[in-house]
Amino acid sequence: MGNPSVYLSATDKLTFAKEMDELYAKQSLLRSSPTPTREIVDALLLQVPNATPEEKAAINAELETYGVYEFEAPVIESASTCATDSGDVALDTPTIYYEAWSTYWSVTCGGHWKNNEYGDSAGNVGGADGFGVGYTNSSNKYSSKVMSASAYMTDVNSNYRASTSNRSDGDGSKGFGFRIQDHWKSGYYVGHKWSGLCTYDRWFGNYNGVATAYYIHTYDSASLESVSFGFDGKTAGISATITNSVKSFTAFSADKSFGVYP
Numbered sequence: 001m002g003n004p005s006v007y008l009s010a011t012d013k014l015t016f017a018k019e020m021d022e023l024y025a026k027q028s029l030l031r032s033s034p035t036p037t038r039e040i041v042d043a044l045l046l047q048v049p050n051a052t053p054e055e056k057a058a059i060n061a062e063l064e065t066y067g068v069y070e071f072e073a074p075v076i077e078s079a080s081t082c083a084t085d086s087g088d089v090a091l092d093t094p095t096i097y098y099e100a101w102s103t104y105w106s107v108t109c110g111g112h113w114k115n116n117e118y119g120d121s122a123g124n125v126g127g128a129d130g131f132g133v134g135y136t137n138s139s140n141k142y143s144s145k146v147m148s149a150s151a152y153m154t155d156v157n158s159n160y161r162a163s164t165s166n167r168s169d170g171d172g173s174k175g176f177g178f179r180i181q182d183h184w185k186s187g188y189y190v191g192h193k194w195s196g197l198c199t200y201d202r203w204f205g206n207y208n209g210v211a212t213a214y215y216i217h218t219y220d221s222a223s224l225e226s227v228s229f230g231f232d233g234k235t236a237g238i239s240a241t242i243t244n245s246v247k248s249f250t251a252f253s254a255d256k257s258f259g260v261y262p
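Each residue of the sequence shown is one higher than the last, beginning at 1 in the UniProt record's numbering.
Just so you know, the hints here were simulated from the structure itself, not pulled from any lab data.
C-beta atoms are modelled at their ideal positions from N, C-alpha and C, and glycine is treated no differently.
Take the hints with a grain of salt, since some may be wrong.
Taking lysine-lysine and the BS3-like style, the derived pairs with C-alpha atoms no more than 30 Å apart in a straight line are [said to hold, decoys possible]:
1. LYS56 / LYS18
2. LYS193 / LYS141
3. LYS18 / LYS247
4. LYS141 / LYS26
5. LYS56 / LYS26
6. LYS56 / LYS247
7. LYS56 / LYS174
8. LYS141 / LYS185
9. LYS145 / LYS247
10. LYS114 / LYS234
11. LYS234 / LYS145
12. LYS185 / LYS114
13. LYS145 / LYS193
14. LYS26 / LYS145
15. LYS185 / LYS145
16. LYS193 / LYS56
17. LYS185 / LYS234
18. LYS234 / LYS247
19. LYS193 / LYS18
20. LYS247 / LYS141
21. LYS247 / LYS114
22. LYS174 / LYS145
23. LYS114 / LYS18
24. LYS185 / LYS247
25. LYS114 / LYS141
26. LYS114 / LYS145
27. LYS26 / LYS114
28. LYS114 / LYS174
Derived DEER-like restraints, expressed as beta-carbon distance ranges [stated by the list, open to error]:
29. THR241 / THR164: 30 to 40 Å
30. ALA90 / GLU225: 19 to 29 Å
31. SER221 / SER158: 26 to 36 Å
32. ASN116 / LEU23: 43 to 53 Å
33. SER32 / ASP220: 54 to 64 Å
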């Protein structure tokens, strides 16, 4: 049995956007809605990866007050694609949101370590770790553009954080990626959890494909030099260049279709 993916037709996605636009307009008339900002919405969206079902429900409820709605669809099984997991980490399947307040679309990714196999404070963490989302099986022209992106890593208790607002890899059309240096601080491993977000303009609603999250961990003498997107036959469509790659591993999430996928 393959790993679950989510089938989302382009027609359904555009219909959803229209319905949410109408819902947000009604909400704004019926009550005084809080004023959304990019900073507020991004902070909430970045909490979605790694959230428990109860936490995610609460986050989504708050997002909806700002006119941001999760785009859900029936789960399907894909016999041709399987998620790869090192056994040490867990990756969230990408989540897609429509923002009625801005008419933008946002894609989240993230994951966490399930144990402490990343080593101890005396160990060498290697170069920066990489994570993001690759798009495959796109069947129409990409006409959207990236409006913003952000990501961070934290320790297990979210006391310390390393963050960025710059994409390290990908132009958005075939995916997006971040590279952040994991490190130790005050006895805590900053890299235990990670979360990323890329926001597109309204035309992302017309784009088809399958979204798969990836995570590349380096240690000891390994260094992640680059991540390229759009490679046929490769999981998530990505190709990574890693020096001393034996001191690294790559994990992938299950797939999520964000448009027409045959």
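Holds or violated: LYS174 to LYS145, with C-alpha atoms at most 30 Å apart: 11 Å, holds
Could you grab the alpha-carbon distance between LYS185 and LYS247 and see if it respects the 30 Å cut-off? 22 Å, holds
Restraint check for LYS185 with LYS114, where alpha carbons must lie at most 30 Å apart: 19 Å, holds
Checking one constraint from the list: CA of LYS234 to CA of LYS247, max 30 Å. Satisfied? With Cα atoms ~21 Å apart, LYS234 and LYS247 stay inside 30 Å; holds.
Checking one constraint from the list: CA of LYS234 to CA of LYS145, max 30 Å. Satisfied? 24 Å, holds
Holds or violated: are the alpha carbons of LYS114 and LYS18 at most 30 Å from each other? 39 Å, violated
ALA90 paired with GLU225, Cβ distance criterion 19 to 29 Å: Holds - the Cβ-Cβ distance for ALA90 and GLU225, about 26 Å, lies within 19 to 29 Å.
Can you confirm whether the C-alpha distance between LYS56 and LYS18 stays at or below 30 Å? Holds: LYS56 and LYS18 sit about 24 Å apart, inside 30 Å.
Would you say the C-beta atoms of THR241 and THR164 sit inside 30 to 40 Å of each other? 20 Å, violated
Below or equal to 30 Å on CA atoms is what counts here, so check LYS193 against LYS18. The hint is violated at about 35 Å.
Holds or violated: LYS247 and LYS141, Cα atoms, limit 30 Å. Outside the cut-off at roughly 38 Å; violated.
Verify the proposed pairing of LYS56 with LYS247, using a straight-line Cα cut of 30 Å. 34 Å, violated
Figure legend: structure checked against the earlier numbered hints; hints not met, in rising order: 2, 3, 4, 6, 8, 9, 15, 17, 19, 20, 23, 25, 26, 27 and 29.
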